[in-house]
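> This is what each chain is made of:
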Amino acid sequence: MTDLATAPLRRDSLLRAALGSRNFVVGAVITLGILLLAVVSFIWTPFPFSAQDIPNKFKPPLTGSHLLGTDYLGRDMLSMIMVGARTSISVALLAVGIGALIGTPLGLWAAARRGTLLDEIIMRANDLVFAFPALLIAILITALYGPGAVNAIIAIGIFNVPVFARLARGAALSLWTREFILAARVAGKGAARISAEHILPNILNTLVVQITIQFALGILAEAALAYVGLGAQPPMTSWGKMLADSQTMVALAPHVAIVPGLTIVVTVLGVNLLGDGLRDILDPRLRRSRR
Amino acid sequence: MTLLSIRNLTLHIGDANILRDIDLGVEAGEILGIIGESGSGKSMTALAIMGLVPEGFSSGGQILLDGEDLLKKSEAELCGIRGDAIGMVFQEPMTALNPTKTIGDQVAETVMVHRRTGRRAANRIARETLDRVGLTEPQFPLGKFPHELSGGQRQRVVIAMAIALRPRLLIADEPTTALDVTTQAQILALLKRLVDEDGMGLILITHDLAVVAGIADRIAIMRLGEIVETGPTVGLFRNLQHPYSQMLFKASSHQPARNPPAVTGSVPVLAVDGVVRDYPLPRRSLFGAKRQFRAVDGVSLSIARGENVGLVGESGCGKSTLARAILSLEPVQAGSIALDGEPLQGSAGASFAARRKLSVVFQDPYGSFNPRHTVERLVAEPFFLLGLGAPQGAERRRRIDRALTEVGLVPADADKYVHEFSGGQRQRIAIARALIIEPSLIVLDEAVSALDVSIRAQILDLLAELSDRLQLSYLFISHDLHVVRTITDRVLVMQAGKIVEAGDTATIFANPQHPYTRQLLAATPNLEMALAAREAALPPVDPFLNPAAKQNLPSPLRGGPGRG
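Protein chains in written order, with the numbering used here: chain A, 1 to 291; chain B, 1001 to 1564.
Wrong hints could be hidden among the right ones.
Straight-line alpha carbon distances no greater than 35 Å define the calculated DSBU-like cross-link-like pairs of lysine-lysine that follow [unchecked claim]:
no., chain 1, residue 1, chain 2, residue 2
1, B, Lys1144, B, Lys1290
2, A, Lys189, B, Lys1357
3, A, Lys189, B, Lys1144
4, B, Lys1250, B, Lys1101
5, B, Lys1073, B, Lys1250
6, A, Lys189, B, Lys1498
What the hints contain is simulated information worked out from the structure, not anything from laboratory work.
Please work from the sequences and hints to get the whole structure.
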């Protein structure tokens, strides 16, 4: 048993594991880069992002001082991407946050009371939300409270709740029959405590993966809302809005669609890699086998 | 000619040798038993014969089936051999069958893959094969689904799939380990009969010496990828050469030294009185009456301080349900349970005071721990029962260290995670977790069933020693009568939710009264009795025991005693 001796878990060993995971490093670099763009946009952008310069419209990337070119109103694309990152990232992040923070406890609660009426009520209510067309409720919310990023967040967040509730319940159900849960029950621990101490850490893997997927979907959902005019309102912009505005001009100037599109792809990729890396380094079983 | 002959088989991945210089042979109509503990490479040998070694492994040597080297065959050729010339039976009948296909389809599938027959002809062969394994019409039509069968019946279907095309060689990897003893005896008899009828070779892989002693013609004992000893069954067991085989032999009939303290006090540690546990079943129709399944039917028992009581019975007899009721994991519908005279209420209102006197060790050393917690946190979990009285800081650490030391681990192990420990060590951690609140009673639910024989002997010693020293009582639940016999003072036999026989362990094993107890005892494989029975049937002089005669035998089994 002594040959298996390893150093107890310390912060430096966690850090070493993090730096050893290529997924984590690449994902973290991309994600931090995008976040940095959004933060910097508050104090500096190459051009004022809403400043129009019609004579210089549709300039391809790398012409003059416009690193990513200009759009149909001659606005600087890089500046728009930087400012749009604020909206897109905050919408996606908050929407996923709402979904995970409400949905996961609901799912855990349902799993802890599995087979009871409460379980049925929670899950059927989730099914109801899940079955409702997302766009319709977004339109409903914006009709009531007006369009804007905050309402988009709420609308997208609501639809993330059942995703996390179902996932958490399903993963938790299989854990509840495991012997270590029985051992915890023999130790007198209640359902809430067992859910927090034993169930949640063991379904975190699955949740982290789902969070990255939902984050990506959140960016796309914001784009969809922007497309029908329910997202960020002018002069504010977002990646989705840029994409929506460019759709009629793709043939004329492909870069106006490609630039925001690629930005979304790279961001989603970064967040996915970050999620994969996190999952690996947070699992003590996988940590040892990683070099 | 020898049916299967393995010569100098090696298997390695990277720098690690999984198998080293394996020499084995199986004749037609012969049963070769391969014995080994986990990690000995016995299953890898089977997979190598089937050409199913996982990716990344490279092999050397020869595996000759009727003179053809299987290691030189392409994957396509091997596909033609698997299931046709070589059949395989796996351990777990619950997962070896596809739950969405009928048993007839699954047996016929093997036929249709290898023979260009139509469905009708394949079904006819399937029907014949199922008849041969004892699943006859009209009780077992081809249209039955796996979930409609018991574990033993499913294993018969798996065997039928393996022998449908009358393979020349059958490999059975722990075919009876997941089964009850009475079922195990039937499956072993079935395998023996099929070998005799078809004249096929059988490789029977197992960890249980008693299982192979009854039916194998030859034995090979493996350890760490090598064959340490091989020879004809009776001769080998009577004259074990290698220290490892001798240790294995001793461990399998190990009797822990017991020195129970004098029983003090008249209040029993555990008093169970008329406990009933019903499970609701779905209604047959919308307006049908509610139906119930009575898993535990009016069971009463009591355990005195320092007493070890065994509870035996086959799967589904209600012994685990009873254990869960005692652990207040499940509500009971009638009756009462008291610990040290203090009643345990139903599941929700279980009193913490009574629960403190009770701990549990489960069967699965892998599933008993949260993989994300350190051993310190795992072992300390029962402190929760002490509420505010739980030890803090240095005292807490001292208690953890003591519990770990008590089970033969070291205090430094507290900072590790469970995946760093072997199965036996994990079971020690489970015992440490049970000990830490100094209980009066530990429920051991199949606590040694998943362990290798040598590890099992160590754990049994540990349990016996702890019971003597700490005046612990055990409720030892097991399907393995052999183990129960070695560690308990008293034994209860349970059948269909009721206790059918109870009494002193020695008395019951020597003179069972209830027919069910007799049946269980008769089915339990017994190494000594199996060997004695076979010696009586064998000619007095075995050529293999005569070294001079052995030199002249054209045996493929060149790895003699003492090898490795």
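> Now look at each hint and say whether the structure bears it out.
Now for the hints, and whether the structure bears them out:
Taken as a hint, the Lys1144 (chain B) and Lys1290 (chain B) pair is honoured in the structure, with Cα atoms around 27 Å apart against an allowance of 35 Å. About 15 Å separates the Cα atoms of Lys189 (chain A) and Lys1357 (chain B), which keeps this hinted pair within 35 Å; it holds. Under the criterion of a C-alpha separation no larger than 35 Å, the hint pairing Lys189 (chain A) with Lys1144 (chain B) is inconsistent with the structure, at around 43 Å. Among the hinted pairs, Lys1250 (chain B) with Lys1101 (chain B) is inconsistent with the structure: their alpha-carbon atoms are about 45 Å apart, more than 35 Å.
Between Lys1073 (chain B) and Lys1250 (chain B), the direct Cα distance comes to roughly 42 Å. Violation of the 35 Å bound is thereby established for this hinted pair. Taken as a hint, the Lys189 (chain A) and Lys1498 (chain B) pair is honoured in the structure, with Cα atoms around 31 Å apart against an allowance of 35 Å.
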